[in-house]
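> Going down the list, the sequences are from chains A and B. Counting in my numbering, the first sequence tops out at residue 145, every number present. Counting in my numbering, the second sequence tops out at residue 145, every number present.
Be aware that one or more of the hints could be misleading.
In this list, chains with the same sequence are indistinguishable; a pair is considered to hold if it fits within one copy or across any two.
[Unchecked claim] Derived lysine-lysine pairs resembling BS3-like cross-links, with alpha carbons at most 25 Å apart: (1) LYS87 with LYS56; (2) LYS87 with LYS39; (3) LYS72 with LYS24; (4) LYS87 with LYS24; (5) LYS39 with LYS62; (6) LYS62 with LYS87; (7) LYS62 with LYS24; (8) LYS56 with LYS72.
Since the hints were derived computationally from the structure, they do not count as laboratory data.
There are 2 protein chains.
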Amino acid sequence: MIFYEQLKFDAQGLIPAIIQEAKTGRVLMMAWMNRASLEKTIETGKTHFWSRSRQKFWMKGESSGHTQAVKDIAFDCDGDTLLIQVEQIGAACHEGYQSCFFRSVECNGATLKVTEPQLATPEDIYGKK
Amino acid sequence: MIFYEQLKFDAQGLIPAIIQEAKTGRVLMMAWMNRASLEKTIETGKTHFWSRSRQKFWMKGESSGHTQAVKDIAFDCDGDTLLIQVEQIGAACHEGYQSCFFRSVECNGATLKVTEPQLATPEDIYGKK
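Sequences and hints are given; from them, build the entire structure.
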C-alpha cells in the first residue's frame with residue numbers, strides 16, 4: 017500500500033500534523049504540511065511545514081535551532097491527519113514553552129490558566145527585534 | 017481573560033481539537049469543533065464535534081456508546097488548535113481501534129503498517145448494516 021495515496025490533503029493541499037514528543041507523550045504543537053513538506057520531512061528526518069499565515073515552506077527550528085528529529089509518522093483512519101513522534105531539541109513553542117499547549121481552561125469554561133513554566137522568552141530564542 | 021476570545025475559529029467557524037487519552041498520553045483522534053460544540057463539550061463534560069463531511073453536530077459515542085469524559089481543555093499559543101484530555105470509554109476509532117492513528121509509515125516513506133490491534137470490528141460496534 018502506498019502511503020501518499022492514503023492521505024487526503026485539503027482544498028489548499030494541506031494536512032494537519034500533530035507533533036508529539038516520543039519520550040514523554042506530550043503533544044507539542046500542531047502545524048500544517050503540504051506534500052512537499054511531508055516529503056522533505058521523510059527525506060531529512062526533520063519536520064518541515066507550510067505556514068498558512070506566511071505562505072511559506074519552513075523547517076521547524078530554522079531560526080531558533082529548536083529542530084525536531086522524526087521518530088515515527090502515523091496517520092488516522094480518514095487519512096486526513098498526521099501524528100508525528102519526535103525528539104524535540106529545546107522548546108517547541110516560539111513563546112518559549114516546551115509545548116504550545118501551555119494554557120488550559122478553568123473548569124467553569126470562562127477563564128484560563130498557564131499550566132507550565134516558560135523555559136525561555138522569545139527574545140532568548142530569537143534575539144531582540 | 018475570557019477563554020473564547022483567545023480562540024481563532026477558521027473561515028468555516030471551526031477549530032481542530034486533538035483528543036488525547038489522559039491516562040496514557042495516547043493521541044486518540046482529531047476532529048473539528050465549532051463554538052456550539054465546544055460550549056456543549058464544556059457544559060456536559062463530554063466531547064461534541066462538528067462533522068464537516070456530514071455537516072452535522074455530533075456527540076462522540078452517540079451511536080457507539082464510546083463517549084469521552086473531558087478531563088482538561090488546553091489550547092495553543094496561536095489559539096487555533098485545542099488539546100483535550102479525556103477518559104475514553106471503549107475504542108475511540110470507528111474502525112474498532114483504540115486510536116484512529118493505528119497505521120505508521122515504514123522508514124522508506126513508501127509503505128505503511130498497522131501498528132496496533134483491532135479491538136472490535138465496526139460491525140461489533142455499530143451492528144451490521
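> If you test the structure against every hint from before, which numbers come out violated?
Nothing - there is no hint that the structure violates, so all of them hold.
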